[in-house]
Amino acid sequence: EAQVTQNPRYLITVTGKKLTVTCSQNMNHEYMSWYRQDPGLGLRQIYYSMNVEVTDKGDVPEGYKVSRKEKRNFPLILESPSPNQTSLYFCASSLSWQGQETQYFGPGTRLLVL
Amino acid sequence: AQTVTQSQPEMSVQEAETVTLSCTYDTSESDYYLFWYKQPPSRQMILVIRQEAYKQQNATENRFSVNFQKAAKSFSLKISDSQLGDAAMYFCAYRKTSYDKVIFGPGTSLSVIP
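Those protein sequence lines, which keep their order, are chains L and H. Just so we're aligned, residue 1 is where the first sequence starts under my numbering, counting upward by one. Just so we're aligned, residue 1001 is where the second sequence starts under my numbering, counting upward by one.
Simulated from the structure, these hints should not be mistaken for lab results. Just so it is clear, CB atoms sit at the ideal spot from N, CA and C, and this is done for glycine as well. Mixed in with the good hints there might be a few duds.
[As the list claims (entries may be wrong)] Simulated coverage check for chain L against chain H, where a stretch passes if three residues somewhere in it have a Cβ under 8 angstroms from a Cβ of chain H:
1. 37-50
2. 98-105
[Unchecked claim] Below, a list of computed lysine-lysine pairs in the DSS-like style, where the Cα atoms sit at most 30 angstroms apart:
3. H/Lys-1096 <-> L/Lys-69
4. L/Lys-57 <-> H/Lys-1096
5. H/Lys-1055 <-> H/Lys-1073
6. L/Lys-57 <-> H/Lys-1070
7. L/Lys-57 <-> L/Lys-18
[To be verified] To give an idea of the interface, some chain H residues facing chain L are shown, with a C-beta separation under 10 angstroms as derived from the structure:
8. Gln-1006
9. Glu-1052
10. Thr-1097
For reference, chain L alone in the conformation it holds in the complex (with noise of 0.2 angstroms):
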């Protein structure tokens, strides 16, 4: 089945304690995304990359990395969390970056920091 997976899907941590969300695609994508989605603000884009070891910042960067070393994983880095980081984080992949081409979206990743 082509989809794309996250996990954890659910996590609690502390102020200052690094974790990974991981980001994995079965459908050869090229493009793959990171989005935020909080309250009155749609989804916000963290970062993209176009394909293996290309990646750029979108609108919310600050406090995140990725890396995107394979085709089908795109881990988002948390390096110290913040509890403005406490949102619910979607990855996402296309075939290409053209404009046309259908983002399919992971499940969410729910993200509390304490």
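Starting from the known structure of chain L, arrange chain H on it as the hints suggest.
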């Protein structure tokens, strides 16, 4: 900078009736893509419909159709014969044709009344 606005934070519709969700956007581009995504209580993001700006014909997908007014920069979603399963948050999104990020609106929460 491009922005996407959804002026209706909440809407409701009677089952089997028709409802229209509004979306306006700001861009200086002539070619771009517009999307409507549905997010049910499960939080999964689902693509509902897509419109290419260069196409004058409004996109339709079964009970879902759009009214795309390029000059007015308006992109409304019409849901006909509303069903209980249509209850969800709906997000309007914009993407340039070239390498660029996707910009989401803040969302409209749709309730369907039996």
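Checked hints:
1. 37-50: Our answer is that it holds, as 8 residues pass the Cβ test (under 8 angstroms) against chain H, meeting three.
2. 98-105: holds (count 6)
3. H/Lys-1096 <-> L/Lys-69: holds (26 angstroms)
4. L/Lys-57 <-> H/Lys-1096: holds (16 angstroms)
5. H/Lys-1055 <-> H/Lys-1073: holds (14 angstroms)
6. L/Lys-57 <-> H/Lys-1070: Given that 30 angstroms is the threshold and the Cα spacing comes to 29 angstroms, the pair holds.
7. L/Lys-57 <-> L/Lys-18: holds (20 angstroms)
8. Gln-1006: holds (8 angstroms)
9. Glu-1052: With a minimum Cβ separation of about 7 angstroms from chain L (threshold 10 angstroms), the hint on H/Glu-1052 holds.
10. Thr-1097: holds (4 angstroms)
In terms of the numbered hints stated before, the structure departs from none.
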